[in-house]
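Asker: If you want the building blocks of each chain, they are given just below.
2 protein chains.
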Amino acid sequence: MNKGNLIVLSGPSGVGKGTVLKKLLQEYTDIEYSISATTRPSRKGEIDGKDYFFLSLEEFFQKVDNNQFIEWAKVHDNYYGTPRDYVDKTLGEGKDIILEIDIQGARMVRESYPEAIYVFLLPPSFDELEKRLNKRGTEDEKTKEIRLRNARTEMKELANYDYQIINDDLDETVEKLKAIIIAEKCRVRK
Amino acid sequence: MNKGNLIVLSGPSGVGKGTVLKKLLQEYTDIEYSISATTRPSRKGEIDGKDYFFLSLEEFFQKVDNNQFIEWAKVHDNYYGTPRDYVDKTLGEGKDIILEIDIQGARMVRESYPEAIYVFLLPPSFDELEKRLNKRGTEDEKTKEIRLRNARTEMKELANYDYQIINDDLDETVEKLKAIIIAEKCRVRK
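Chains as they are written, first to last, in my numbering: chain A, 1 to 190; chain B, 1 to 190.
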């Protein structure tokens with residue numbers, strides 16, 4: 001049996017990764033979703049092992065020490081991590097698994113899984129932003145500079161990805177993501 | 001503007017390439033079809049420049065001499081070729097173009113277009129054939145040997161392709177081919 005593919009969906013903050021993933025999972029059932037571990041307390045209605053794996057700080061850092069997360073990060077006051085065993089088990093069963101993660105996290109994942117499929121979600125205004133910033137504008141120079149630097153950083157990051165999708169229309173974005181997942185299942189392994 | 005992708009659909013004789021292409025073009029209109037040139041006389045109802053480019057033998061071989069075909073071959077008593085100008089013009093306009101062609105033709109295309117997307121269509125019984133031939137069977141040795149050799153040749157050829165689709169169910173095959181075309185439009189150019 002062939003191993004499944006690990007699909008890493010990433011992109012700048014606020015681009016709509018979570019919304020895209022949610023709609024994908026509604027429409028396309030032939031893929032597993034990677035459940036995160038977290039140290040934040042569970043909220044009402046959240047189920048351990050379904051929404052998150054809820055861990056104490058001690059448990060979390062024991063897993064960090066044992067290299068049991070393929071990536072982890074602190075967000076506000078809580079820690080979040082992607083358990084390696086669940087990902088590897090799913091791939092080993094021949095199933096695809098998708099991971100929605102920020103750019104920094106994707107960089108960590110790439111160290112363990114260089115053969116994963118990396119999809120970069122772009123804001124619809126990204127191209128426009130660049131064009132606009134390259135023209136003489138009315139924005140003050142400092143704001144322009146920061147935006148241009150961010151845009152450049154993101155652009156450089158894009159070169160490490162296999163696919164890019166401009167998240168202009170949610171339905172189209174999900175269609176493209178689905179196409180990428182299906183196409184990669186047909187890829188000839190070299 | 002980005003250049004379009006050249007999609008090469010190939011596979012063993014009789015695998016159903018023509019049927020797959022026809023259904024794809026009915027369902028997916030965002031791609032051009034490469035029209036062949038031929039020396040065979042036009043049949044009733046066929047339109048020059050739509051069904052084929054009808055050429056005399058002299059015209060055909062002048063184009064061969066001028067490297068104006070990306071591939072050409074003799075089939076029965078007639079010559080067929082894929083005009084380079086039409087393919088390049090379409091790609092230059094940013095449109096995808098699909099070419100349905102036998103394995104030998106795909107090899108010729110690869111010389112001019114190594115960056116094209118090569119899709120190998122496999123018969124549903126291909127895996128089975130191999131398994132069956134590896135067991136001791138009732139077929140006479142010579143037939144078995146020829147089939148095994150053909151299967152092996154085809155398997156080797158597969159390594160030169162980007163994608164494989166087992167043509168088990170026509171609808172599924174067309175879905176996968178469409179997914180490949182859409183996914184490749186999202187690919188990050190390195």
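Any given hint could be a false lead.
Below 27 angstroms or equal to it, Euclidean Cα-Cα: the simulated DSS-like pairs (lysine-lysine) are [claimed, not checked]:
| no. | chain 1 | residue 1 | chain 2 | residue 2 |
| --- | --- | --- | --- | --- |
| 1 | A | Lys178 | B | Lys22 |
| 2 | A | Lys185 | B | Lys144 |
| 3 | B | Lys89 | A | Lys190 |
| 4 | A | Lys185 | B | Lys44 |
| 5 | A | Lys185 | B | Lys95 |
| 6 | A | Lys185 | B | Lys178 |
| 7 | A | Lys17 | B | Lys190 |
| 8 | A | Lys178 | B | Lys63 |
| 9 | B | Lys74 | A | Lys178 |
| 10 | B | Lys23 | A | Lys3 |
| 11 | A | Lys22 | B | Lys3 |
| 12 | B | Lys3 | A | Lys23 |
| 13 | A | Lys17 | B | Lys142 |
| 14 | B | Lys185 | A | Lys156 |
| 15 | B | Lys74 | A | Lys190 |
| 16 | A | Lys190 | B | Lys142 |
| 17 | A | Lys178 | B | Lys3 |
| 18 | B | Lys185 | A | Lys95 |
| 19 | A | Lys178 | B | Lys144 |
| 20 | A | Lys95 | A | Lys178 |
| 21 | B | Lys95 | A | Lys22 |
| 22 | B | Lys89 | A | Lys185 |
| 23 | B | Lys50 | A | Lys185 |
If you're looking for bench data, these hints aren't it; they were derived computationally from the structure.
Computed from a predicted structure; not experimentally measured.
Asker: Find the hints from earlier in the document that the structure breaks and name them by number, from lowest to highest.
Answerer: 2, 3, 4, 8, 9, 10, 11, 12, 13, 15, 16, 19, 21, 22, 23
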